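Number of protein chains: 2
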Amino acid sequence: MPSANPADDTAAGGESLDILALLERGRTMSTPVLRAAVDRLAPPMDTVAAYHFGWIDAEGQPSAGDGGKAVRPALALLSAEVAGAAPEVGVPGAVAVELVHNFSLLHDDLMDGDEQRRHRDTVWKVHGPAQAILVGDALFALANEVLLELGTVEAGRATRRLTTASRKLIDGQAQDISYEHRERVTVEECLEMEGNKTGALLACAVSIGAVLGGADDKTADTLEAYGYHLGLAFQAVDDLLGIWGDPVSTGKQTWSDLRQRKKSLPVVAALAAGGPASQRLGELLAADAKSNDFDSFSEAEFATRAALIEEAGGREWTSQEARRQHAVAIEALSGVDMPEQVRTQLVALADFVVVRKR
Amino acid sequence: MPSANPADDTAAGGESLDILALLERGRTMSTPVLRAAVDRLAPPMDTVAAYHFGWIDAEGQPSAGDGGKAVRPALALLSAEVAGAAPEVGVPGAVAVELVHNFSLLHDDLMDGDEQRRHRDTVWKVHGPAQAILVGDALFALANEVLLELGTVEAGRATRRLTTASRKLIDGQAQDISYEHRERVTVEECLEMEGNKTGALLACAVSIGAVLGGADDKTADTLEAYGYHLGLAFQAVDDLLGIWGDPVSTGKQTWSDLRQRKKSLPVVAALAAGGPASQRLGELLAADAKSNDFDSFSEAEFATRAALIEEAGGREWTSQEARRQHAVAIEALSGVDMPEQVRTQLVALADFVVVRKR
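As given, the protein sequences belong to chains U and A, one line each in that order. Reading the first sequence from the start, the letters are residues 89 to 446 in the working numbering. Reading the second sequence from the start, the letters are residues 89 to 446 in the working numbering.
Extracted from the complex, chain U is given alone in its bound form (with noise of 0.2 Å):
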């Protein structure tokens, strides 16, 4: 479990040392592999992915961009371990997730019309909209192409399982879309919708370098059960930093899943709570869903939808679904074998996952 206190046993960024290297390790091994193979991509789409990885900036240059947490990459690496195989033979698995992660964002960001992503500007913002479609296109492609030239038996039992996390991921997106436009939308809803979008694909880092290293679909499948809860928790935590980060460790606006309207789990939990705070809550949003003036709404007006969705105690309760889903993915872990440093490396990326700051 996540310590009660965040500074009890993290660094600033909620980031423990022993988490970093795992982080820094998935990041190291896979990069160069991911660079490489997003390097075949024809001109201009490799530079207009290079520029959406932050390896460069709009105007080509070299540039150290963020390339995120890494979350992924390191997970499969670990997979691999689980397996009792080298961290390598985990590495195609990490690239191909990456991509995928990676081509959803494209998409996302250009459907969803979101203009900034990691402190820079989206790429349909900077280089058009074809290129983020085609571009995202092209890595979805690679995904499949990184696993499947191995030409192994695993890499094809890998490469399906990250078509059904991919189709899943596609099937939240077009949730969340939907979302959008309706009203209300149920707990279990955005749940499911959350499951999709972030729990399936995290579900098969954690399965696809086990895959590789030749784990059985059993082991495979409580890995992903371990993944998808973890997805969950890693969710959870994401929707109270849409609402309650620091901009300055986020990247993005204040308030900025109030300011997309985003039903999002703090907004559905504290909906569906009852009570004086969440009718008031509920009788703002559906006049803002019919406002002409809220792309003008002042720091105040999302300041106090932010005050009512925590009275309501939707902040709370998606605290706790946090905790929730950890202590499952937790759970999980404890029905396969796996080397005892491995699984205490799954635990703490748990723990980091619930008390990250970012």
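Any given hint might turn out to be false.
Because identical chains share one entry, a pair is satisfied inside a single copy or across any pair of copies.
[Said to hold, decoys possible] Below are the BS3-like pairs computed for lysine-lysine, each with C-alpha atoms no more than 30 Å apart in a straight line:
1) Lys213 / Lys350
2) Lys445 / Lys157
3) Lys306 / Lys445
4) Lys213 / Lys378
5) Lys378 / Lys157
Derived from the structure by calculation, the hints contain no laboratory data. Keep in mind that this is a model prediction, so the values were computed, not measured.
Once you've looked at the hints, dock chain A against the given chain U.
Frame of chain U; chain A shown alone:
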């Protein structure tokens, strides 16, 4: 070789009865499996995809829409027979190729701003850009799923070939988009782009059934050579129909490719030819590129450009190129052992592709 006068051996649409039966077999055997695959998509993606395939209209009512020529499914079934397998063995390959083809149509129509396809409004016009992106993504994922769930080594090999073809398809679209912004495109560049956009997936259609039926890589590669050149012949004819085709048959506007300023084969060949007509055409197209009135051009203005393309030899060159590619395709077939009846049908299909009117 196709006859000099298509009327000699073909029906009004350039289709002999044998070819009609072959195309019908591909359609009849693959469509139920394709529909079952599309039915797996979560709402509203299933409905949007059904609209795209012409199974329902914009109001959701059943429709007997035009599903296209279905050359690819016919080829995938013949492909299985090349390997001595039953045509049924090629069905998952036919479905996967159709899914990839339609994924690319959905995304390309959006990127290119094309409002009409197969006599109907395109998906992004009816259901919006986000659905066109999302459903395209879903069809692409589904293509891999349909193959990989077979769970065989052959399915893994088939998926790898499909992935390679998909990447080329995306490369071709990237080239197509970049050429739009350039004043001059060489004939070689145009052929490379068309090889990627059309040749690669047709090549895959011709190898995928054989691979699923157990053919070795050498056989599959040779079949792909036939398919690739068949694709180039197909595209050369498409480029002719895109300028001089009968709108009633093609379902496109008159001078369709000229209206879209497409640098298709007849155009680039005419520009490369030299001479007065070629030069005059170059001046006109250069002026068109800067014109603000292009969208209100009259029929006569497009007719002038078409006449110059023809006078400069672009029409004749493209027609000959279709025959050259046809001949190379047929020649490639001699490198593969196969039942004589299958060979006859592959030859007949190649003949059809060159004489078709739509």
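Tested hints:
1. Lys213 / Lys350: So Lys213 and Lys350 pass the 30 Å test inside a copy (21 Å) and across (26 Å) alike.
2. Lys445 / Lys157: Cα proximity of Lys445 and Lys157: one copy only (11 Å, versus 55 Å across).
3. Lys306 / Lys445: So Lys306 and Lys445 fail the 30 Å test inside a copy (34 Å) and across (54 Å) alike.
4. Lys213 / Lys378: The answer is both: 27 Å in one copy and 25 Å across copies each meet 30 Å.
5. Lys378 / Lys157: neither (37 Å within a copy, 46 Å between copies)
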